[in-house]
Each structure stands twice: as C-alpha cells, then as structure tokens.
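> Below are the chains, spelled out letter by letter.
Number of protein chains: 4
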Amino acid sequence: MPHEIKGLNEECGIFGVFDANDANHLTYFGLHALQHRGQEGAGIVTTDGEQFYQHRDTGLLSQVFAKEGTLDGLHGRSAIGHVRYSTSGNGSLANIQPFLFRFHDGNIALAHNGNLTNARTLRRQLEDEGAVFQSNSDTEILIHLIRKKRDMPFIDALKASLNEVHGGFAFLMLRKDSMIAALDPNGFRPMVVGRMPSGAYVIASESCALDTVGAELVRDVLPGEIIIIDRDGMHIDHFTTDTQLAIDSMEFIYFARPDSNIHGINVHTTRKKMGRMLAKEQPVDADIVVGVPNSSLSAASGYAEAAGLPYEMGLIKNQYVARTFIAPSQTQRDLGVRMKLSAVRGVVAGKRVAVIDDSIVRGTTSRRIVKLLRDAGAAEVHMRIASPAFRFPCFYGIDFSTRAELLAANYDLEGMRQTIGADSLGFLSKSSLIKAIGLPDAGDAPNGGLTVAYFDGQYPTPLYDYEAGYLASLHKQQKMMGDAWNE
Amino acid sequence: MPHEIKGLNEECGIFGVFDANDANHLTYFGLHALQHRGQEGAGIVTTDGEQFYQHRDTGLLSQVFAKEGTLDGLHGRSAIGHVRYSTSGNGSLANIQPFLFRFHDGNIALAHNGNLTNARTLRRQLEDEGAVFQSNSDTEILIHLIRKKRDMPFIDALKASLNEVHGGFAFLMLRKDSMIAALDPNGFRPMVVGRMPSGAYVIASESCALDTVGAELVRDVLPGEIIIIDRDGMHIDHFTTDTQLAIDSMEFIYFARPDSNIHGINVHTTRKKMGRMLAKEQPVDADIVVGVPNSSLSAASGYAEAAGLPYEMGLIKNQYVARTFIAPSQTQRDLGVRMKLSAVRGVVAGKRVAVIDDSIVRGTTSRRIVKLLRDAGAAEVHMRIASPAFRFPCFYGIDFSTRAELLAANYDLEGMRQTIGADSLGFLSKSSLIKAIGLPDAGDAPNGGLTVAYFDGQYPTPLYDYEAGYLASLHKQQKMMGDAWNE
Amino acid sequence: MPHEIKGLNEECGIFGVFDANDANHLTYFGLHALQHRGQEGAGIVTTDGEQFYQHRDTGLLSQVFAKEGTLDGLHGRSAIGHVRYSTSGNGSLANIQPFLFRFHDGNIALAHNGNLTNARTLRRQLEDEGAVFQSNSDTEILIHLIRKKRDMPFIDALKASLNEVHGGFAFLMLRKDSMIAALDPNGFRPMVVGRMPSGAYVIASESCALDTVGAELVRDVLPGEIIIIDRDGMHIDHFTTDTQLAIDSMEFIYFARPDSNIHGINVHTTRKKMGRMLAKEQPVDADIVVGVPNSSLSAASGYAEAAGLPYEMGLIKNQYVARTFIAPSQTQRDLGVRMKLSAVRGVVAGKRVAVIDDSIVRGTTSRRIVKLLRDAGAAEVHMRIASPAFRFPCFYGIDFSTRAELLAANYDLEGMRQTIGADSLGFLSKSSLIKAIGLPDAGDAPNGGLTVAYFDGQYPTPLYDYEAGYLASLHKQQKMMGDAWNE
Amino acid sequence: MPHEIKGLNEECGIFGVFDANDANHLTYFGLHALQHRGQEGAGIVTTDGEQFYQHRDTGLLSQVFAKEGTLDGLHGRSAIGHVRYSTSGNGSLANIQPFLFRFHDGNIALAHNGNLTNARTLRRQLEDEGAVFQSNSDTEILIHLIRKKRDMPFIDALKASLNEVHGGFAFLMLRKDSMIAALDPNGFRPMVVGRMPSGAYVIASESCALDTVGAELVRDVLPGEIIIIDRDGMHIDHFTTDTQLAIDSMEFIYFARPDSNIHGINVHTTRKKMGRMLAKEQPVDADIVVGVPNSSLSAASGYAEAAGLPYEMGLIKNQYVARTFIAPSQTQRDLGVRMKLSAVRGVVAGKRVAVIDDSIVRGTTSRRIVKLLRDAGAAEVHMRIASPAFRFPCFYGIDFSTRAELLAANYDLEGMRQTIGADSLGFLSKSSLIKAIGLPDAGDAPNGGLTVAYFDGQYPTPLYDYEAGYLASLHKQQKMMGDAWNE
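Protein chains in written order, with the numbering used here: chain A, 2 to 488; chain B, 2 to 488; chain C, 2 to 488; chain D, 2 to 488.
Treat the hints as calculated values from the structure; they're not laboratory data.
Any given hint could turn out to be false.
Incomplete in silico selection of chain A near chain D, CB under 7 angstroms [stated by the list, open to error]: (1) Phe104; (2) Arg125; (3) Gln126; (4) Gly131; (5) Lys149; (6) Ser432; (7) Lys436.
Keeping only pairs whose Cα atoms sit at most 25 angstroms apart, straight-line, the calculated SDA-like set for lysine to any residue is [as the list claims (entries may be wrong)]: (8) D:Lys68 - D:Ala95; (9) C:Lys177 - C:Val219; (10) B:Lys68 - D:Ala95; (11) B:Lys318 - A:Gln135; (12) A:Lys372 - B:Asn137; (13) C:Lys318 - D:Ala95; (14) B:Lys177 - C:Val219; (15) C:Lys68 - D:Val362; (16) C:Lys68 - D:Pro447; (17) B:Lys160 - B:Pro198; (18) D:Lys281 - C:Pro311; (19) B:Lys341 - A:Gly351; (20) C:Lys149 - B:Asn137; (21) C:Lys341 - D:Ser63.
Positions of the beta carbon are idealized from the N, C-alpha and C atoms, including for glycine.
Chain A with its partners taken away, still in its complex shape (with noise of 0.2 angstroms):
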C-alpha cells in the first residue's frame, strides 16, 4: 500500500521564559521576533506553578492576542510559546501549539519545531495501543511516549522518548517547575540559550528573539542535548551522544532573520558572503546590481561590493499587506502582484539589471520579477540566485509539498532560463555555500555541518516513513537529470 508522502511543513519559532516577571509579555515580545518563522497561528502557556494559562488561535500573533486581557490573563512568572506556519488545510485550530496535556499529577505544555520522520509509524502503534490523538500534528507523538513511561523518573522518561522518535525536532516543554529544550542528534533548527539581566533563562529559536527581550546569549543548544531550566538554573544533559551536525542550509539561505547568529555565525553577514561568492562565479555584464526584497538585500549587496557594480533599490516592496480577497479577475491578479513588489522605473530603465534573488522555488515569482523589471525599462535582466538549485525535497522542516513542483527538478539551466524569461541565469555552487557559512562547530561533519539535500539528494538520516517507494522515484528521476547538475 503505497502511502501519500510530503515533507510536512514545521517551520516554526518556539520561545520560553522561567521565572521572570512579565512573563506573559516577554514572550510575547520574544515570539514577535520570531513572527517571520509562523504566520499561520499563535499560542503561549504560562504557569504561576500551580494552574496553567493558555490561550492560542490561528493568525499573526498581534491577532491572536489583539482583544485587551487575553495575554494579561495568561499568569505566572513562567511561559513558552509558539508561531507556526502551516500549510493548507492543517492550518486548524487543534493544530496551533504550544499544547497542553493535562495530567492529574501535573500538566505539560508542549512546543515544537521539526518535523518526525517515523510519525506515522510511531503514531499507528500508539493508536493500536490505546492512544488518543486530537491534531494531526506530530507533537502529540512525544507526550504519549512519555506517559508510556510512567514508572521512569520524568526526565529518563523523556530520554528514552527522544531516542524513539526520529527526524528533525527542536522541543520546548513548560512543566509547573522546570522549563526543559531538546534538540535532534543532526541539529537541524537553531535553538538558543538567553539569560535576562534579571538572571532568568530564556529559550528561543533565534538570538533575534533575545536581543528583542534584552537576554545576553548563553549559548547555542547542541545536537542531542536537554537543557533543564529550573529553580536552580540551567542543567546541562543529553539523550544521546550519536551526533552529527546537520544544520539545515536553508536557515542561513531565506529562513532566519539577518540579525540572528547560528552557531556563532551572523546570517546577514553570511548572505553577504553567499553575494560576494556567487559574484565570482556567476559574473554578469550589467550596470546595476538589484536584491529582491527583504530577504535577497543582503546577497545583493555582497554581489554589488564584489563585482564593483552599483547596488540599487531597482525593487520596492509595499511594506502594508493588502487583503487578497479583492482579486476576482486576471488583471486584478496581475494588479495583485504588483501590489507586493513595485519595480523602480528611474533606476532600471535602460539598464542592464542583475537581479539576485536567495533561492528559486515554483520560478513563478522569478518569472514576476523579470517581468516587473523588463515592464518598468530594463535593457537586459539577469539573475543569479544566491544558492544551489533546487531538486529535492527536504523531510526535517521544509514543505515543499512534492517534489514535482520543484522548477530545478523539471528543467535543466537552459529550460529554467527561458520559464523564468531572464537573459541569463546562474546559481551559487553547493561548495561555495557551504564555504559561504563556514560553521565554526562543525568538526568533521560533512557538508561543513550543513543538511544540503534539498540540492543533492543526500539525505544525513535514514527516512522512515518517506523512504519507500518514493525515494526510488527520486533517485530515478535524478539520474536522468542529474549530470546537467554536476558541479
């Protein structure tokens, strides 16, 4: 029986704070930072150490707790919270975290980002075993294997369920008495360690979110490890030593905010790397260089800097949001686009643009921009994109629904050239990325530490539930295509 497989997307922001003030609102602030991770829905638990809060719905955060008194009900001197991005379909109610589990000897909230990779696995045999399950989500996954384990003291209880589940995880749990992180064994999201001025430790996917809160960054949470936060501090433990770095690419790419550091490593300052690298290699006769707002201004400056061009505002982007329900007819879906994205006419007409662009996904938007651009006078529109193509999906965080979407699975360079309609087009090679981030944790991790099988296929991990089936149709269709790729 062959089963429908899709990289489910849990791109999402977790936060947390132990026994601070203000708790409620500091995790607020602390999840706005991280509103670019999760559009989709919003939810905090706090705990005054008896009773639990919550309150979650989907939208933007500032919606969910838009009517006065929702977040000043949430008591307690301790919170976590989550921002999740959904895809269609998934984006119920029952599904916006954090969860929480109600138990008569003490309640569990439950945050997470990642995505499992045996869910559907591990999820059959705990329904065959009596389990009930209210989301379609995977977190719900965890809980039951740790009440599985009731006679366990609670934290070898969730050590020995974190070694049961598999893929890409980056947990947040809130208890009446302690506030518990643990990361996968490959590391896949980011996750940190913040300490307020106050001295309470915080928790958050990105060092954004600390700064945001005023938190001194302690230190990046490590492949394997549990961090116990708790009257007594911060309690340093692992469920497993088989690690191996694997931080997902995509982070550095398009995923987190320029302002964030990953293991040690500033993500603007990376981009603009990825910019300078993807100018040696994939040079352009042009007389402007043009990022595609917000996420591509960093590459683009970094390319402009290193191809001695000017670095140019060629494209605004209308920072109000503008309803999409006003857009019955094609020319008002046209009108929508550039509603989003403004080309600078007084800048592009009549040059030779070099746009850059972080990744290319559908091309659908790419094909947008070069149109945008040759509409408001550009002579030539080139665009590089500042990492590798794009050909397979991802299975620890990144929906990419499947794979035949996937522009770089479909054509060859010449055949996306022509979809996208650019004058030319070039991609950051994989080595120059990977050189581009140069993670100082790494050791001996292949791929510098880096999961890059959205651009080679080879995945760090077994994939369970994804392998059968699938995965061959994969590898076969990658054959085929696959030496036009070689780098």
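Assemble the complex: chain A is given as a structure, and chains B, C and D must be docked to it using the hints.
Quick look at chains B, C and D alone, frame taken from chain A:
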C-alpha cells in the same frame, strides 16, 4: 488675541480614475500604493453617472475595506479615493475624506492633499455668511466658495475659488460626468496624470500608484493647472499663470516612495545622490555604513559607494506590527522600541559604524538608534543625516506641532550630538540638497524649484493666518542661534 | 415633473443630559433603553463646556461603542445621543446622528426624530442660496435656517426657523452651555423631560429611558414648545401657540416600549385595553388566545381576559439573533423564519387558536404565523388585529415605502383573510382605538389628539412636498375601495 | 486529602443530522434553537464520509460562525454540534465541543451534555495507564475507555464503556458512516430523535430544535439506550436494562424552551400548571399578577388564571444586550440592572403586586426585582416561586458552585423573605411540582420519574467521587435546618 498656530499635517494620498472597469478596485489598488502617505483613515467615493456611493473610516485601507462587500458595493466606472495622515485629536471620522457634498443639481466629491494658509480667515468669513461646517478640515472651504458662485459655470466658479484659497493644495474632485484635479500655484505637492491601456485617465499623488494599476505616466500636473477628465478625454486648463514651482523638498527626502518619479526625477536615485554628496561633505573614519530602514537605505548605499566603505544591514526593521497597548511599564516601553528595530550584533560588534538617516526631527529616534547600536557592541557610532537640519516649521503640509520640539531649533550641532549620544554628527548642506535633486522643470525658480523653508525659514509665499506673532518669535529665535547654522 | 414621494422612516430615539457626572455613560444607558426605536446606527456627542467630542457608526449601540475607550473618550458633563432606524440605502455613515456642526462662535450638535414635509422645498431654496449639504437627512436643514439668521439671538433664530419647517419633528440640540429640545406643533412624536436625583435634567424620546437612568419624569414636552436647559435650570418657552395635539397612534400600537408613559398613558395598559375592546368587537369561538411576541402580548392578555379564554404562549420568539447571510436556498429561507419564531406544538395542537397581532402591514409575517400554527397542529387559526387596517402611508415618521405594499390598500377584508390563510380575520375599529388610548391632554383635538391617518387618510396638516400627484392617486384608490372599509 | 467537589455545570445543547443536504446549515439552525442551553461556546464537526471538518470557538453560535465561509467550509452530509454553558475558568477553547479524535482507523467526533460522577476516578485510572488528556472536560474519558477495547467491535466497546461511566450523560457521536446517541440509565437529560421530510434522522437535546429544522419528532431517547443512525436507517439498542427514569426537574422548571415537549409533556403547559397549583398553595391578596420575563411568564399566566387576578406585564426585559464592561462605579452597576429589566410604573404604581418567578438560587436577582417594583410605586410586593426551595446541589448537570451560596440553604422562609425584601414569600411544594409535570413514562419510578434532589437532598444514584466528606457536611447542615422545610 493671539491664536494657536499649527502647521497642520495634511500629508495625504489621493487617487482617482474616470470611466474604467473596476473603478472601485483600481482605486483601492492605487490607494494601497499610496498608503505610506497616510495611515489614519481612508475612503473612496464612486459614481455610476447618476448615484454616488461612498465608504470611509479610520484605519489602514485594508481595515477600512476589510468587510467583504464594502468595496464591491461602490458601483460605477469613476472613483476618487484618499488616504489620510492625521495628528491625534483630528482623527475623527468627520475628517476622513473624500467628502461627498449633495446638491439637487449634482453631487460633488472632494479629496485634498495640502494645507491652506488662509483657511481660518476664509472659514470665518463664510460662517459669517451662513455657511455650515461639519469638519475641522480646510477642505470644506473650497466647496463653500464654489457654491457662492452659483451664477457662474462650474469651472469658472472653481477657478475663481482656487484664486481665493492660499497655501499648498492638490484637489481632486469627482462629479457625475467629470473628474477634476487642481494644483496650487507653487506646486507644493506632487500630482500626476496617467493613462490605462484601456484609455481611461487616472490621477494620483505619486507615479508609483500609476505603476501599480498598470497606467502609463502622461505628465505631472503643473502649478496653477486644472486638469479636467471627461468622456471627451483630458483637458488642460489653469486658474492662474502667476506660478512658481516650489515643491516640498521633504517629498524627495522622506515622504515619497523610492519608485516614484516627481517632475522627472526618481526618488531613490535622488536619495542615493544625497548620500554620495553627504559622504563628501561629512566624511567619517568608519568601518561600515548602515542605513536606518526603510527610508534611509538609498542614501546609505550612496554614502557607502562614495566613501568606499562596505554597506551593511546593521539595523533590521521588523516587518510585523505589534500592538502598542501591551506596554505599561518602562522596561516594556524599552522592549517596544526593540520590537520595531533591531541592531545586528554580528555586523556591528566591534565596528566603527557610520549610520545614515534621512532627517532628525525631535531626536528621540536618533538617540534610540545610537543606543541600540552601542548595546550591540558598536565601537563608535557616527550619525550622518542626508538633509539639512530642520529648524523651522512648514505651513504647506507637514506637522511639526510647535517648533519648540525641533531638535535643531534648540541646540547647536554639538548640543545635538550630545543629545543623541553619537560620536559625531553631520548634516547635508542645503545647497547640496538642491543640487542632488536637480529639478529640470525649475527654470529660474529660487532654490531650484524647491521649498526649503524647513532649513532656512524663508517661505516662498505670504503666510496669511500664520503670519502674526509666531513668525516674529521665530525670527527672534533664529537671530539668536542662526550663526551656528550658516553654511 | 412628478417627484418620488416616500414617507421616510425617521422613527428614532433621542436622549440628552445636561451638567451631570458620567454624562457619556448616562446617555449610553438612556439610548440602550431606546434601542427599540432604531437599530441601524447610533451616536453620542458630548461637551465639557469648551471642546465637543463625538462618536457615531452604523449598527447597534453596543457595537458602535464596542471598542473599549470609545465611550470613555467622550468627555464632559453634557451629552446628547441618537439611535437611528433607517431604510436600506440611507444607512450610510453620513446620515448617522447626532450631527456636529462646527462654528467659530460655538459648535452645535443636533439630533432629530421626525420627518419634515417641506424638506425638499427648503433644501432647494437653501442650496440656491449657497448652502452645502453632506447627508440625505432632513436634519441638516434646521441648522442652515438658523445660521441664516445670525443677526438674531440664537433662541430667536431657532424659534423663527422652527416656524419655517413643517411636518413631525422632535429636535434635541447641545451647545457648550445649554441643551435645547423642540417639538412640532402637533406633537407627532413623544418627548419627555426628567430629572436626576442630582438635579440634572435629562430629555428623552420615551419615559422608559428616564427609569433606566434613575430620573424622575418631570413632564411631557408639549406641541410647539422649546425647552432650554442651562446652568440656571429648565426654561419652558414656545415657538408657536398655534398647536393641536396629534400624536402618532402607532406609538401606542407598536413603537413605544410597554413601560413608557406617554402624556400620562401607560403603553402596556393601553395595549391591554385595545385587546379587551378587540375581544368585544371581534369575538371568536376559540380554545386559546395567543399573542405574537413580543409586541402583541399585552393586547393578547387583554383579549383573553375579556373573552374569558385561556391566554397561552403558543408562539415563542428566539431571544438570540442568527446571522442572516446563512440563507441561500428556499428551504433555508423557510428555516430562517423558524429561527425567529416557533409555534408551541404542545399548546396549539388540536386547538382553535385566536392569534392576536398588533398590526398588519404587508401581510407576509401574518401569513407565516398562520402557517407556523397550522404546521404545529392548530385546528383553526383566527387572526385578530389590535388596530385598524393600515391603508394609508404616514408622512410624519413611518416608512411604508409605497402604499402599494400595504395589504389593506389592495384587498378587502375577505381578500386579506385569504392572503394570510387564516380561518377568520378581524380588526379593531378606529373609534375603539381612540377610546382605548383616551389621551387626557387631548382637549377638543380631533381623533382624541391622535394621528390616525394610516387608517382613514385624513392628515392633520398640509402635506407640502408630498401633496401633488401622489395624494390624488391615493384618493382615487380610496374611493374605489373605501366602502368596504367604512366602519 | 480532601478534594474539591463541584457540581460542574454541564447544561449544554447537542444536535446532529445524518446523511442530509446542508448538514452544516441544518446543524447551525438546530443549535440556534438550543442556544438557551449554552452561550459560552459552540462548535460543529461534519464529515463527507472520508474527511472530517470542524470549527469551534468561545461565544454565541452567531459569533463563532460570524466569518463568512466558516460554516460553508464544513463539508459533508452528516454533522454534530454543541453549544456549551461553562462556569468561569473552564471557558477555555480546549473545552469547547464537539471534540474530534483522530485515529488511523477512523475519526470520532463527540459531543456531551451531562456530568459524570466518577470522572475523577476514571481519569486517574486512565492516566495511570498512559492516557493523555487535553481538556478539563469529562467528555474525553469516554473515548479513552472505548479505545482501551480495540479488540471488540466498536458498538460493543461503546456499550461496555458506557457501563463504566456514572452520572448524567447524553452523548452524541459522529463517525464517517454513522451517528450514535447514548443516554444514561436515569435519563437525567432530555434527548429526542426526529426525522426530516427527506427521511434523514436528526438527534437533539430538545424537540424545539426539530421544529426549527422542519423535522418530525420520532421519539424520546430512553434511559440506557443507544441509538445508531446509519445508511440503513435507525437502530435502537441499549447498553443496560437496569434503568429508572429520573429526569432533572429543572428542565421543566427553568432550562428547557417552552415550546419543547419532553417525554410527551409540553414545557409551557407544565409551567402554567405549576403556576395554577402555586396559586392554590400560596394564595395572595393582590391586585395584579406579574411574571419575571422571560422564563416565568407561563407560570405567571397560570397563577393569574387560577387566582382570578389580572395578568400584567409589570416587568419588561430589554431585548438588546448591553456591554458589561461599561460599569465601573456603584451607581453604574445599579444602572446595569435597570438596563436588563424594567418595572412598568404605569402598571404597578399603587398596586399590590404578586410577582411570580421560577426559582430562587442566590436571592440577589429576587432582591433587585422587589426593589425595582417598589421604586416604580408598587404598594406591596408578594413573591411566589413556581418551584420548591433549592437547598441542595445537583451532581447530574447543574452548577451551584458551593451549596453555601444557596439562599434556602442558609435561611428559613422568614429569613429569605427579609433578605429579598418582599412583603410575603411562598414556594410550590415538591408534591405539586411532581403532579404538575405528571410524566406519563414514569411508571413506578420515585418522584414521578423526576430528579428532585435539589429540594430534598435525596440522590437517585450513588455520588461516587462526590460522596465523601462533602455529603456528610451537607447532611449535618440539613439536620440543623431541616425541620423548617418539611412539607
């Protein structure tokens, strides 16, 4: 009896289209591109040639038309709309435009961007003759002046009335069979005419709105002109020939969108030039150049290029808006700042930073930016401002409340530097500003066709209601401090 | 040129208080008690003796002031408010009252309950003299008439203006130092003065609002009177002595709340009397008496007592409002009716039911009620109406759109019975209606001081703008069918 | 360790339909008719036979489904829904039903009206076996019990599980191919089966919901029954034959809608009978009889008829809801009461008033009503209650929080009279209550098939988790005061 004088803020956006499909949606899209000119209220009036339809409310455009059916209920092939920036206290619904005046011989809708300097006197006269006003706005005055001339043909009455009002104004009117635009004799505000592929004419505050709706720029509306659009096409007329271009230099410095062209000059390009000139006038021994997002990025990239320094994203603006009511205590207020703007520690730590901003008004934002950068580890923070110091209010369209709040009206350069806490501070000179903009239409108009009264207190027109008392005090102050500011 | 004539619905509620603590909250509470008089819009204007504050919007009072802070932002010790009933199309924000007119010599807020019969003519004249109107409402006319008499003291100008407008009107005005009420020479609408324990005066459309805010009834405002409330107390004046009471009988039949007293007559008690008289005039051989909730319960209990029959709750009104947009298909439309009103099967099954309603307008509701009762098993359904048949529109305050829709204008008694599907049908006679109300203040006014033009087409005043054409056609129709209706 | 015991309020409404067009809309309409059973939250789950769709939120039904598209997004021909009444603190989203449990072998949606008396014990046992709970609700327990019996066919597992839970429960379940209802062995809560003209079956808490959707009543669900609806029609089964009808008498006294029939007895008719009997048991020398709207109007009209006194609308309920946040000061709190209920001065002034209410719980409302009537001029106020005095909490579905708040648990009759300030006070006897209801299905069940434990403290079942400690204290209290209450 001394009366309170304020430079009322009437920085707004207007958009209109005549005889087109989807007039309501086009106007929504056009106003969306102008949302940066006003976020306090929005409205649209349409006509099907018989009935008029209107909707307006406080808030962003997307909020005002959030309820499904609201926009679709505005029938007809012609429309005008307005987005409004208002100071607190004037934000009441009664002041949201366009106004719709109902007459048995034909309704008139009216939208206005500007500030009349003789409004107080005219309003008093009109009231003495029995006129009834329902808003605080200057805008109602014009319609009363027109209605007093019922014996004249409408256009004649309009022309005569436009000669009675003084100050800065860009009016847009909709009648059942025509759309009419009028611009004051100094052209203080930008206004452009465009044409849709269908042939329909559109009028907008800035050319970026034309691009968004897919219209071609036809021409800028010139000082003293009346543009009449009807079923026969566009008619260009004028209500006075005693004109002299004096467009508000703040449009180029701060207000307008970078992708707009004003009198043939692209805003981004001009800002970049200001940055280049600033680099020459106010050089600095720094490691990196950082712009304050979003409005100062153009100038910062120009500065970096001219100075031969790396342009870096050392400051990040959070693209998501947080609710402001969550900020009771002082610690939380400090957090509030960090929710909007973040310094990129990985970029600025240990560096000598040249931070480029477009202007300094009260200095509070500058002080916070300096602090943010120092907190993130910047070794030195040198602030460079891509415009001259603001020392005088402007009565043609910008609210500085009272001059007392202008930092540069109260301190000399060193005092300002100390107030904001920077290691050094420098401004662009007025002459370089004028040169950077370089209006081709200026002819022999003073200051290259720009209003630069903010910087030198020399107003291009009489100030009428604003003349007495206050100006005297201004000039006294100016004399005391003036020498420090002479270029 | 024949012009469209409508009996505009200006059935509204007004409330004001002068010089009291919590003027904003008192007005909110007072309007809440008058919410039955208008659900389409609401507004409040307050003054602190210097500034005026206003808020108004479409919707129920609780919706209009739903946002915390909105009501609290209306400062000052004096306030007037308005709830508005509007026909579709006139529901735009521009028509929501109170209006606030701003003059350099003092603002005036104005709320109005009524309909002017010479509004069209006056408005035309005023426009010809340069007046500018911003709403469709009659209400703006008064202020223009007043402002044309700037050489007179305000009260003199007001009196003169009130003699220029005709029709039904109850005006309530707020100035910075006084609150003024005025009632038309026929007193078509109720209006009362009350006094708070603190001594502050309140004015309201109905006495139930006085009870709600804890005020004692002082007196009804009489036809032709002006009531001026200022810091010196209450001053009773009049703008005409040529008065004759002709209060709208529909206030007693349907509009007013049962707990209100109008000119000393309690509304519930009167309705019960109507029911008793109806039982005598239109007896029925039935098992039970059922009233249509909520407006007909008083009459039904009177009918049951006089007839010696059991009074039963055979019809139930759902106290929760369902959204109306959920009703696309015909089956769902039928369900929609059942969501508002339910027949009590256990009560009516197998019974001969006398169902009492207050009035029949178009007959559609009656037809549905008969069907509901039959579906619930009623053996017979006899409808008795506690008012005479509505055959004529009224121009003093109620909207019947066009007379063409009145059931009784199109059918004789048997035709009506067949249309609604009842086993028998009977109406209260006009003379019994007048007797049941029995106004003590009526003196020798015709029809006991009541307007009964709905029933006999005899209007107590000239109809001015409504006179021509339409009335002629009315009278012609009347002649054709009149005999069947003579009592 | 003494544990907190509360009679959790689980007075709710449930509705379901199987295999019908517009299942989502029918369920919305049905729940709307049951809105009086719960206003704190609402939800609907539907299935198209494969997928399940759900939406639930806090608030009224019309608020929960206010956003267009929400209801229409619930696809499929079968649905169940729930409206929830919750005490403060339990109103969180996690407790809003129906719950949807997701299993690889088929989802189950579950809605519940009732209260389990052994929930605490069962939950503890289940947790000890690894079960994970996400709400405070009893409702989750059933599904865990079922899932523990995966080796049995579903219906067998359900029957076995229903024998493990005790207390009052009416469950409604939806599976992809069936809808199942189950009622506890005492039938504490009403539940009925109906049939649409199309043949589709519906199940609802009260028959009024059947009338609203146009369904015919088929039968009441009987104690111990399981009703299974699938494509083959309706199957009647039972999980126990050890049953004895003990329906909650409060359903007849207060909860149910007057147009509902429960076990063949119409609620309005029964209430009227209670009023008649009350008139005989507790006569009063009064001028008029007044009911407290809306729930006591039936009893009041019965009282008036039996007493031969006029039935008057001396109290009016405002049909519009005012926002409660506008009530800071004490004067405003008093106003708050008057916004909901008004005494009709014209009816009660100078009269000796017999006011009929359905019940007295804490006595605060009664005290306010007496004061309202006296303030409106009533000469005497005699309160008559159409049920016996509430002295004991009930554990089958009604929240009295703690018995300490019950007026009749703390005072004898004269003490109660003084507390509420009435001139006299009288209650209906328990025996008359039982006689007035006169259930035909009761057989030889005690108390005529009713639960009357509120009045006599005699519980028809063991109380399990509620037994210890608390009951002992109850009985002690009872002994002290009991004699005063013996009938």
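> Now tell me if each hint is right for this structure.
Evaluation of the provided hints:
1. Phe104: This interface hint holds because 5 angstroms falls under the 7 angstroms limit.
2. Arg125: Where the cut-off is 7 angstroms and the nearest Cβ of chain D is about 6 angstroms from Arg125 (chain A), the hint holds.
3. Gln126: Since chain D brings no Cβ nearer than about 10 angstroms to Gln126 (chain A), farther than 7 angstroms, the hint is violated.
4. Gly131: 5 angstroms, holds
5. Lys149: Holds, about 5 angstroms.
6. Ser432: At 43 angstroms from the nearest chain D Cβ, Ser432 (chain A) fails the 7 angstroms test, so the hint is violated.
7. Lys436: This interface hint is violated because 45 angstroms lies over the 7 angstroms limit.
8. D:Lys68 - D:Ala95: 21 angstroms, holds
9. C:Lys177 - C:Val219: 23 angstroms, holds
10. B:Lys68 - D:Ala95: Since the Cα atoms of Lys68 (chain B) and Ala95 (chain D) sit roughly 29 angstroms apart, the hinted pair is violated (cutoff 25 angstroms).
11. B:Lys318 - A:Gln135: Judged against 25 angstroms, a Cα distance of about 38 angstroms means the pair is violated.
12. A:Lys372 - B:Asn137: 45 angstroms, violated
13. C:Lys318 - D:Ala95: Answer violated: Lys318 (chain C) to Ala95 (chain D) is near 32 angstroms, above 25 angstroms.
14. B:Lys177 - C:Val219: Measuring from Cα to Cα gives roughly 51 angstroms; hence the hint is violated.
15. C:Lys68 - D:Val362: Outside the cut-off at roughly 34 angstroms; violated.
16. C:Lys68 - D:Pro447: Violated, because 53 angstroms separates the two Cα atoms, which is more than 25 angstroms.
17. B:Lys160 - B:Pro198: Violated, at roughly 31 angstroms.
18. D:Lys281 - C:Pro311: Distance ~18 angstroms between Lys281 (chain D) and Pro311 (chain C) Cα, so the pair holds.
19. B:Lys341 - A:Gly351: 37 angstroms, violated
20. C:Lys149 - B:Asn137: 21 angstroms, holds
21. C:Lys341 - D:Ser63: 13 angstroms, holds
Of the numbered hints given earlier, the model fails hints 3, 6, 7, 10, 11, 12, 13, 14, 15, 16, 17 and 19; all others are met.
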